[in-house]
Amino acid sequence: MESLLNQVPIGLSIGAVLLLIALGLTFTFGQMGVINMAHGEFIMAGAYTAYMLQGWAGGQAVLVALPVAFLIAGALGWILERTAIRHFYGRPLDTLLLTWGVSLVLQQAARDLFGAPNVQVDAPSWLTGRIEVAGANLPYSRLFILGLAIACVVGISVYMNRSRQGRRMRAVMQNRELAAVSGVATGRVDQFTFFLGSGLAGVAGVALTLIGPVGPSLGTYYIVDAFLVVVAGGLGQLKGAVIAALALGMLNSFTEFWTDASLAKVIVFAAIIAFLQFRPQGMFVLRSRALT
Amino acid sequence: MRKKFFRPLAAALVLPAALLTACGGESGDTAEAGAAGNTIKVGVLHSLSGTMSISEVTVKNSELLAIEEINAKGGVLGKKLEPVVEDGASDWPTFAQKAQKLIKKDKVATVFGGWTSASRKAMLPVFERNKALLWYPVQYEGLESSPYIFYTGATTNQQIVPGLDYLKEKGKKKIYLVGSDYVFPRTANKIIKAYAKANGMQILGEEYTPLGHTEYSTLVNKISDAKPDAVFNTLNGDSNVAFFKQLKSAGFDAAKLPVMSVSIAEEEVKGIGVPNIEGQLVAWNYYQTTSGATNDAFVKAFQAKHKGAVTSDPMEAGYNAVHLWAAAAEKAGSVEVEAVKKAAAGISLDLPEGKVTIDGPTQHVYKTARIGVIGKDGLIKEVWSSKEPIKPDPYLKSYPWASGLS
Amino acid sequence: MSDRLRGYTLFASISLLILVVAPLALPAFRLDELAKYLCFAIAALGIGLAWGQGGMLTLGQGVFFGLGGYAMGMYLKLHDAGGDLPDFMVWSGVEKLPALWGPFGNPVVAIGAVIVVPVAIATLLGVLVFRQRVRGAYFAILTQALAAAFVILLVGQQGLTGGTNGLTNFYDVFGRDPEAESTQRGLYFVTAIVLGVLYLGARQLVKSRFGRLLVAVRDGEDRVRFLGYNPATVKTITFAVSAGMAGIAGALFVPVVGIISPSLLGVVPSLELVVAVAVGGRYALAGAILGAVAMNYAKTAFSEEWAGGWLYLQGALFILVMTLAPRGAVGVYQQARDALARRRGDRPPPEPEPAPAVKTPKEVPA
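Protein chains in written order, with this note's numbering: chain A, 1 to 292; chain B, 1 to 406; chain C, 1 to 366.
Be aware that one or more of the hints could be misleading.
Below 25 Å or equal to it, Euclidean Cα-Cα: the simulated SDA-like pairs (lysine to any residue) are [claimed, not checked]: (1) B/K105 - C/E179; (2) A/K239 - A/V158; (3) B/K197 - C/V94.
What the hints contain is simulated information worked out from the structure, not anything from laboratory work.
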């Protein structure tokens, strides 16, 4: 029974990981309709940033790397947007193939730069402990990821609702044409959105060094899950992504507890496909009168 | 405007590329037989790209090192060896097809290659039907003895059984089994369960995760709930990193919960991070630290070519394979497959892991089992070894408790 | 020369190349490789139909390829075992033949299943998904998740499916030794002829009323709906046909290559097929075939020469094709032909292509 209760915080922490990897996608995929298969490689870039900073920042590399990885992954995303993706608006399915090509190149580049084997990023000493709450065992690293996810969500929602730039972003998301005729420079908003979305992938990458492998194929382990969170939550819906990530985390945690990891994954996929039967556009839908 | 400019440009770029790929690559079809001319062609077939390349490239390197050493000493039967390196691309059908190419087009005398069970199973029919020879250098799940494959890695009674013997000796009675979801872990766990039943040990749980799985908190919770004395770990690849990181952060280190792993060698330790795995147990037949002049020479030669590299069990087994084949060919006086097979039985060489002898009937080799502990420096220190090389027994016929297994 | 005549000449000369020249010119194992590419080309043809003509980007075609392949593999395994358990079941600890395997001992049932099972599953999925108007990116990601789940399921059921090893080591393919050169040659011809027949069939389908409706659904689904048609039916039928093609491709792949395993069916192989179609030219069925053969050939050729570079090259190629020539090699060829014709002045400026302009309606709901 006690171990069953343990699954609640575990589900929460799985949800936090899912949320973190999917947050950036709610912007690039949700707002711009770009299916960015290279999102996983931006996560990888974040993780390698932490690895590179280790020589300089030592044990605190993870902390130092958060802002740096945000900038580096963001810059990668921005370059991608400027050089390629901006020619693709209105062709979302083509972006998928384009960015898959980009992801292959980035993976091989990582292999050539850092070598094929995994590298190790040491967790800061203050993240190696754990607390026990009512028999539940909560590693600090998991709490850190949870906190980071919350911070990102709060930051984004404040930004989206309070700042001018954020409001422009929402305007473009809701109706690109109308925003454009109202004087919003949609091109510039797109650039910034892509920067932000990719930057968040970098942040996620840093966090993932605490719990998983750091290697060239890092991104491929997370990319499908990230897309499913966004699809289940509804495009461009921060609220949807949060709820979907937590729900999937919980579902995964409990099904794995009762069955096994393979079956849990299959059940989660099946649940999403079934869920989309009832809500084909995800949990939350941006209402619009536009006709496809 | 811009579009109009780009379109012809694209045409100019894509068409020649297509033409080039259509014409290239067919130049070398006039191959002589493996032993004709002044060289002997041998195939080296590993994944140089894709997920398995991490591990397999190192084995390829050690095999090439062995070939170089042999050539430096004058080659085999007075002829230099000429390696033909092929990429299996971590894709099993590709392995089968490349094997076919090596045999039929390059007409190699033998092939050294493969890592995963799946790649070996895919190549097996190709070698058997063409009556060609494969040397497979990785520990595997046993229950196989193809007349056209020589197995220089450990079979189950040279790795898993000694690992269990060690746990039993240390009084670890309650075991939890964790593995990746594929053939080797499932077969290994079947053996472990039979062993446990016969030896008064208890299996508290048996869990499999998909290859590449990275979320282990639920599994760690299940383990902590079951309170085992030890974990027997057959996870593969990147999953090991996630597993050990998450196990450690939940408070389980080597002192609290020993984990015996059979797929973690020196290479993998670096990626997992020494603090996460220090003090944990592994079972192999060779470590970089294994003592002996032959190993010192091997490590030195390898590191001279690959700076900062470590040497691991599968690499050593690949290196052995080349030397064993060369010795067999010398003894046979020919590189012809049936002659080499016949000559190979009983060949015994002093190799980095110690004395290695080919067992004729099974075409496996006698190997010394070694249990090691992962040290602070990321290398593995031997803490236990079988007194002498263990006779290979891929079907576990000499173990009464395993009678129902195959 | 009229376009029609030109088309026939082209088809005839390519048939000649594949059926006469290639078997004479290529050594046996290269011919076997070509047979493998032709299997992929059959699956690619299905994608060309569903994606190029119907606008459904299916990233889970590996699932149907796998269903066909496993159906065939199961029959061959049972046939080899001759009443005993297939070899992998023995070492997986299975003691009795699973009920699922029973019917596959019969070759007629197995070959029927090669087509029926993928079509049935695609129909079911199509009815569920298209009726709910799941489309565009949603559909793409859903099918991708399907591929991921399918692989995990296959790998997890080792006693039933052979796990990661898949089904391999067949000794007898319909009474012949699969490694014998004559068998490989025969399989090559079978594959080539099946591809040709399916191509002609698909072409007929595209040219028919149904094909026009399909293209209309791709370019303006809602408008088609307003005209009184049900786009869901059109899409489901097309999706099922393309799944059937993938199933046939998988079934041919098994005797040609001698293995079917989960690593052939997952997210990446499915994507690779789609990319091959894009490179060849998605709006022309011939482009799909061309792309599949050329990309797979390039993969083999390059990984033989320069293993690490293949990924760079593949990646760079997609980026180039998608940005500069979204209609693929066929599109480039058409453009070059039109440009040449205009320069010679023996032709009026080309009429607008039947393929859509690059700008399709926004597929993500606004």
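Results of checking the hints against the structure:
Taking the CA atoms of B/K105 and C/E179, the gap is near 15 Å; set against the 25 Å cutoff, the hint holds. Taking the CA atoms of A/K239 and A/V158, the gap is about 13 Å. The hint holds against a cut of 25 Å. Taking the CA atoms of B/K197 and C/V94, the gap is about 20 Å. The hint holds against a cut of 25 Å.
Going through the hint list in order, the structure satisfies each hint without exception.
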